[in-house]
Amino acid sequence: MAKFILTRVFQAMPLLFGLGFLGPLFSEILQRSGLPLPASIPTLAVGMAIGGVWGAIALRTGRWL
Amino acid sequence: MSHPDLVADVAALDSRELARLEMEIADRYMGGLPWGSIAWGFGNLVFWLSLWPLTLSGLLPLWAAFPLACISVSLGYLPSHEAQHYIIARPGERLFWLNELLGHLSTIPLLLPYRVARLTHYEHHIHTNDPELDPDIGTRAANGWDFIRRSIAGRQPGARAAASYGATLQRLATPEAGRAVRDALIYQLVFLAVLFGMAWTGHALEAALIWWLPRHVAQTYIGFYLSWAPHHPANETGRYSNTRAFRSHLGNILTMGMQYHIVHHLHPRIPLMRTPAAYWALRPILAARGCDLERL
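Protein chains in written order, with our numbering: chain A, 1487 to 1551; chain B, 722 to 1017.
Heads up, a few of these hints could be off.
[What the hints assert, rightly or not] Per the computed footprint, the stretches of chain B lying under chain A, defined by three or more beta-carbons under 8 Å from a beta-carbon of chain A, are:
1. 875-885
2. 912-918
3. 922-929
The set of hints was computed from the structure by calculation and includes no laboratory data. Positions of the beta carbon are idealized from the N, C-alpha and C atoms, including for glycine.
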């Protein structure tokens, strides 16, 4: 059971990494850079969108770059 | 430098006599406790760990911590490499615990479990440059830039090279290999927990610049000097042809002693810091064996 769960977790890792790490990382970068965002969009939402989409692409293609 | 008498003498020796003389010279450089590597391994880990509180408390700016972390993580491998070859102490010896402690701790920043490193590194020694069995064959590349490109490509989620250590452990299928796989799993889960935990508590940049990115830089640097450069072009599998000596513009220290890596492959129990001296003592024999000694 544990093996099954871990296998699934590692298979989905690019997406999890995009959401769990890259999203907040991009959010922090946006915050520190002081780039103006349209309306009142929170930086975390933008970060999560970038991290999530990039992670999903990496999951599908097997490549980050 | 090699003694001129030895250069003249080896030309007259047959293969058996060369082997005997090679062992005799190599033996002189083995033994003793490599205190330099021990201090390096533990000191480097403490240094890397200290970067966390220093940056989180604002005492050290992140722009300064990043290059320091890259250097520190890159320096984490070689002390463990000494332990992998039981250079500090062999099983059953009084200081074996120190050997194992150094082996386990020094590669933590690199996220390379000691058991994985040792088992796969032994396979690399046994099967150097074998396209099927050498776990480091993924570092084979046409030139330095090609290596960097391949190194980055090899770390992508779907890359074959990324799975080469796992495949080697699976092939070994020993209880020790099973423990190594378990270690690798634990290391990965702890690493991800730290990265995710720091990211969601507002410290993603610290995690990225002290661990995540420096580890990528270190993997490229270590792969370049410990694997690609000394084995290039990595086509030969013979004892005297699978590794070469090379001269780098960066010199001995910045290449982490790898210009003399050929000595390590021939005599893995010679401590790293003695390989330059051992190389110069052994050079006439290596030349007589037809080794690729380039301009060194």
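Hints versus structure:
no. : hint    : result
1   : 875-885 : holds (count 4)
2   : 912-918 : holds (count 3)
3   : 922-929 : holds (count 5)
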